[in-house]
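Colleague: In order, the protein sequences belong to chains A and B.
Going letter by letter, the first sequence gives residues 1 to 113 in this note's numbering.
Going letter by letter, the second sequence gives residues 1 to 112 in this note's numbering.
Possibly wrong hints are sitting among the right ones.
Claimed, not checked - Here are some chain B residues the structure puts well away from chain A; computed CB gaps all over 10 Å: (1) 8; (2) 16; (3) 42; (4) 45; (5) 55; (6) 69; (7) 81; (8) 85; (9) 104.
Claimed, not checked - Below, simulated BS3-like cross-link-like pairs (lysine-lysine); rule was C-alpha separation at most 25 Å, straight line: (10) B/111 to A/44; (11) A/17 to A/44; (12) B/111 to B/99; (13) B/99 to B/68; (14) B/61 to B/49; (15) B/49 to B/99; (16) B/111 to B/68; (17) A/52 to B/111; (18) B/99 to A/44; (19) A/38 to B/99; (20) A/38 to A/17.
For the record, the hints were derived by calculation from the structure and aren't laboratory data.
In this text the structure is predicted, and so the values were computed from the model without any measurement.
Even glycine gets a Cβ: it sits at the ideal position worked out from N, Cα and C.
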Amino acid sequence: DAMVIQNPRYQVTQFGKPVTLSCSQTLNHNVMYWYQQKSSQAPKLLFHYYDKDFNNEADTPDNFQSRRPNTSFCFLDIRSPGLGDAAMYLCATRGGDFTDTQYFGPGTRLTVL
Amino acid sequence: AQSVTQPDIHITVSEGASLELRCNYSYGATPYLFWYVQSPGQGLQLLLKYFSGDTLVQGIKGFEAEFKRSQSSFNLRKPSVHWSDAAEYFCAVMEYGNKLVFGAGTILRVKS
């Protein structure tokens, strides 16, 4: 049974057209993360939520925003996608203890035309 | 800031042969270390993790890793590789109790 679900799996958008990626979890985890993974690179953390507390990485562009309306759902909004934002976007969740495992979703592949 | 180095971008091994993937970390205190595997177009799956205790850690799918503080290493091993092990492998260190910092990854190819 899927525990971290990402929709859609593939998203195509146009340069400058806002896009929203969705993540949901059935694990009731406190922490939710968004990573960006460009081709042949390591995943890079954009931001994370600990419950409702939002934590932005210092080098995450302002173009990237996130919302977490409840425990189960978290959204990644890209306000004006550029060609350089084409990547795989990975959502992950973790329980409240730092020793808990991070569980990753299958990712959303974003293409910017 | 913490960093992780995976010196091998690609490794090719024959099916049935042993495997070792290298990982070196840079971290001042006791590191929390992880190995994840990613199949093409998929998310990451945890193979194993080290927090403390026994320096030889057993994971899923027959993988193990050994933490060596003196060498700042956390190498992943498997005694006999299967074709289904072909994937990309990421070593990671936890930073500030919350954030994973990943190495650049090693792509494993298995030849029959």
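Colleague: Indicate, hint by hint, whether the structure satisfies it.
Modeller: How the hints compare with the structure:
no. : hint          : in the structure
1   : 8             : 14 Å, holds
2   : 16            : 28 Å, holds
3   : 42            : 6 Å, violated
4   : 45            : 7 Å, violated
5   : 55            : 17 Å, holds
6   : 69            : 19 Å, holds
7   : 81            : 22 Å, holds
8   : 85            : 18 Å, holds
9   : 104           : 5 Å, violated
10  : B/111 to A/44 : 31 Å, violated
11  : A/17 to A/44  : 23 Å, holds
12  : B/111 to B/99 : 35 Å, violated
13  : B/99 to B/68  : 22 Å, holds
14  : B/61 to B/49  : 14 Å, holds
15  : B/49 to B/99  : 14 Å, holds
16  : B/111 to B/68 : 30 Å, violated
17  : A/52 to B/111 : 47 Å, violated
18  : B/99 to A/44  : 10 Å, holds
19  : A/38 to B/99  : 18 Å, holds
20  : A/38 to A/17  : 20 Å, holds
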